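> Residue numbers (numbering that gives the first Met the number 0), protein chains in the order written: chain A, 0 to 322; chain B, 0 to 270; chain C, 0 to 288.
These aren't lab readings, by the way, just hints derived from the structure by calculation.
Misleading hints may appear alongside valid ones.
[What the hints assert, rightly or not] With a Cα cut of at most 25 angstroms, we get these calculated DSS-like pairs of lysine-lysine:
no., chain 1, residue 1, chain 2, residue 2
1, B, Lys2, C, Lys91
2, A, Lys284, A, Lys295
3, C, Lys89, B, Lys2
4, A, Lys52, B, Lys92
5, B, Lys1, C, Lys176
6, A, Lys222, A, Lys284
7, A, Lys258, A, Lys248
8, C, Lys183, B, Lys2
9, C, Lys176, B, Lys4
10, B, Lys2, C, Lys176
11, B, Lys4, C, Lys91
12, A, Lys284, A, Lys269
13, A, Lys295, A, Lys269
14, A, Lys99, B, Lys184
15, B, Lys257, B, Lys184
16, B, Lys1, C, Lys91
17, B, Lys99, B, Lys89
18, A, Lys284, A, Lys258
19, A, Lys52, A, Lys12
20, B, Lys3, C, Lys89
21, B, Lys92, A, Lys12
22, A, Lys111, A, Lys99
Values in this document were obtained by computation on a predicted structure and should not be read as measured data.
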Amino acid sequence: MTLQLINISRRVKRNWIIRNLNLEVGDGECIALLGPSGCGKSSTLRIIAGLDKPTEGQLLINGKLVNNISPVDRRVGMVFQSYALFPHLSVAQNLSLGLKVRGDSLTKQKEKVSSILSIMQLDEYSERLPIQLSGGQRQRVALARALLRDPYVYLLDEPMSNLDAQLREELRPELRRLILSGDQPVVYVTHDQHEAMAMANRIAVLNNGTLEQIGTPEELYKKPSSLFVARFIGRPQINILRSSTNIIKAIRPEDIQIKAEGIRCRLLQKEWLGINQLIYLESPKGHIKVICDSRKSFSDSIYVDWDESNEHHFDAYTNKRLN
Amino acid sequence: MKKKKIFVIILLTWSLIPFIWQIYTSFSTPDSLLEPFFSLKHKWTIQNYLQVIQADPPFFRYLLNSFIVGVLSTILTLVFAIPASYSLSKAPKSIATTTKLFLLTSSLFPYVLLFLSLLEIARSLNLGNSLVALSIPYSALSMPLALLLLSTSFSDLPIDIDEAAKIEGLDIWQRLRLVLLPLIKPSIASTAIIIFLFSWNEYPIALTWISKPNLITLPVAVARIAGSSIYSVPYGAYAAATVLGAIPLIIIVLVFQKQIISGLTQGAVKG
Amino acid sequence: MIYLLLITPALTLVLIVFGFPIVRYSWLSLHSYSVLTGLDVIPNTAANWVRLLNDDRFWQDAIQTIRFSTLSVSIELVLAIAIALILHQKIKRRGLVRALSLLPWALPTTIMALGWRWIFNTPYGPLENILNTIGVGTFNFLGDPRYAWLTTVIADVWKTTPFIALLLLAGLQSIPKDLYEAFKLEGGNSNQSFLRITLPLLEPYIILSLLFRIAQAFGVFDLIQVMTGGGPAGTTESLGLYAYLNAMRFLDFGYSATVMLASFILLVFYCLMLWILLSISKRIYELII
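Please construct the entire structure, taking both the sequences and the accompanying hints into account.
This is the structure:
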């Protein structure tokens, strides 16, 4: 099963929310849409679901043009950020409502619901209302509903952003097992790069409605195609070096080594992070951050150096990658 | 603390004393009403009630008529208003605002000024003397408020809910019936009660549309009693009529006060 | 598209009932259409309007309607603010108190108008009865042109004050409590907090109830027809009642339509004046406090 976005654009009044977006999600592939808020990632998801109409472009599911197919008939499984569970229905009713309107018999509905409930370990909650569930349980019900849709495409809109950090980590393997192991394409919207890297085969970075770069997490990290991607991917953020030419040079904190001699810097601050530490330095090329072994201790003067092949070069006007 | 209590008592006394006076009157014999206030010759009777109940047509007929019109107009209004207000809540903002402004102006309109045109319509379409037909203008007159109230509660629902239902494959009627209406039930209830009260109480249109004595509604019946007797004195029977006419509404208000108040205040706040 | 389909019937109904009459009245007001013309509709250019301008009864009714609306709505608003402030505090059996104070509004106007007519009855009504007993003498409330219109004001105030109070109460409840606490920490006392926080934030509610009530009071009909029939000497007759009488008693539909249209124009004019007055007094208020 596949999903294709060809030159998709969406305009609301005079603003282009999305501009000429091309995206292809293959069989069983998970693509994360990553970007700051307002970059168009949720709009893209809504266009795929059919909730918003593209102004231009074509949307294909399994090679079939679906631009004019309503969300009712589009057969996508979507997990909303808010979960969007029907507040007046019990867990079991939430799950069987769709089955009912899609014409399953009563016995079949019961069968499917009880099997999904046991897969999700929700059996004992089937009669509860959404309001009586914890955040993690609600999220699982929302997932279960999407699974029962038996969709051509899975769409996940910040599915974990309402959960606390620990729960997120616990849910990731479950999400992978249930949704990412199938052969449906998955589009996963998030603003959290760690989550994107953990879940997705490829990441599409969006900025101002346009696609900045798409690639594996490693490609994005190692060869960011623009300054925007370089700054967006990787934490702590990449160091931008002061330069007098039209080339912007940048170096990742982890690519800088502390040496006995090299560029002389003054230590400003330290953050101890457990396995390593983050030090803030004032160098002749501006403030830089360096990640190093947490056991090291420093005097006020520190010498650093790096391999020039690790530098990322960008055009100062277009911000595009040069090297 | 004390001051507040006294104030509440004054408020309630002021609101209730005319009723209490009506009840007192309705149980008094005609002669004792002609006596000075503190006379000891006061006599109680239920004769006034018997007179009202045994009249032709019996008083309950009017209550029944008002009830029929009230229920019909409520149903009619909701049938039109629910899908319409759902659409209104989905309309682009500029259109929705204009429409709501138009509706608000309409709901403020002193509708008594409309009676002549409505009467002409009734005559040309032969709608006079029919309780079913009477519910049509009632429902049109209640429509602006109903649309405002219901579209507000539709807009207050999280949009995700509706969209999740779409993705689940529910068409518009299934979404309304299975998902959205159950969620706005409270506001449907308050809208329904307010429409019912309006229709139950409406006077000028009922007065001009209905002339058959056995079809007139309660407010018209009461006004007729009043009109037939501007200068006659024994009020006992009229008081009995007003008490009987008030009882159903008193029950409604006591039972549904929460819905009535939330409907009224929502109309004010969001309108 | 389906949305348009769903909304059209309801809006059409509203348009027919509220829009059509205005058009129809405009047209009728330029025609003779009465029992005298044998119920034929005959163009008469502006004869209805000329008649209206010289119709003392119309102008008397217009003044009465404006007088009635202004006085009753003013009293209602002031009382309602006071009641809302009281009800806003924690009171016992709040639901019951609210329901009981709502009763006057919920009952059919004709029923309560009949009740008030009996209360103001001369000489057997309770009021005259008490006044006689304590030796104040007879007032002849409903028969004396000086008092009759005031009795209708009292009845109207009785009927609608609780309703406005409830609307304003909702407004009060929408004001966050921490505003008052913050103001108190700034050193404000409770009078100041009423003038500087409560009133300004309540303003939209007050304006809305004002508009709503003015429009309703302008169309007063049931109350007058049942309580006084427009008398004595036509002093309580409202524009609505006059239009009704023209159509249903004198069977002069052309003129009735003219009266209604004129009433509507007067109402718009009145609201406009009110709006100007309100914005001026708001300015002054802001300057003073």
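> Hint numbers the structure violates, sorted upward?
Of the numbered hints, all hold.
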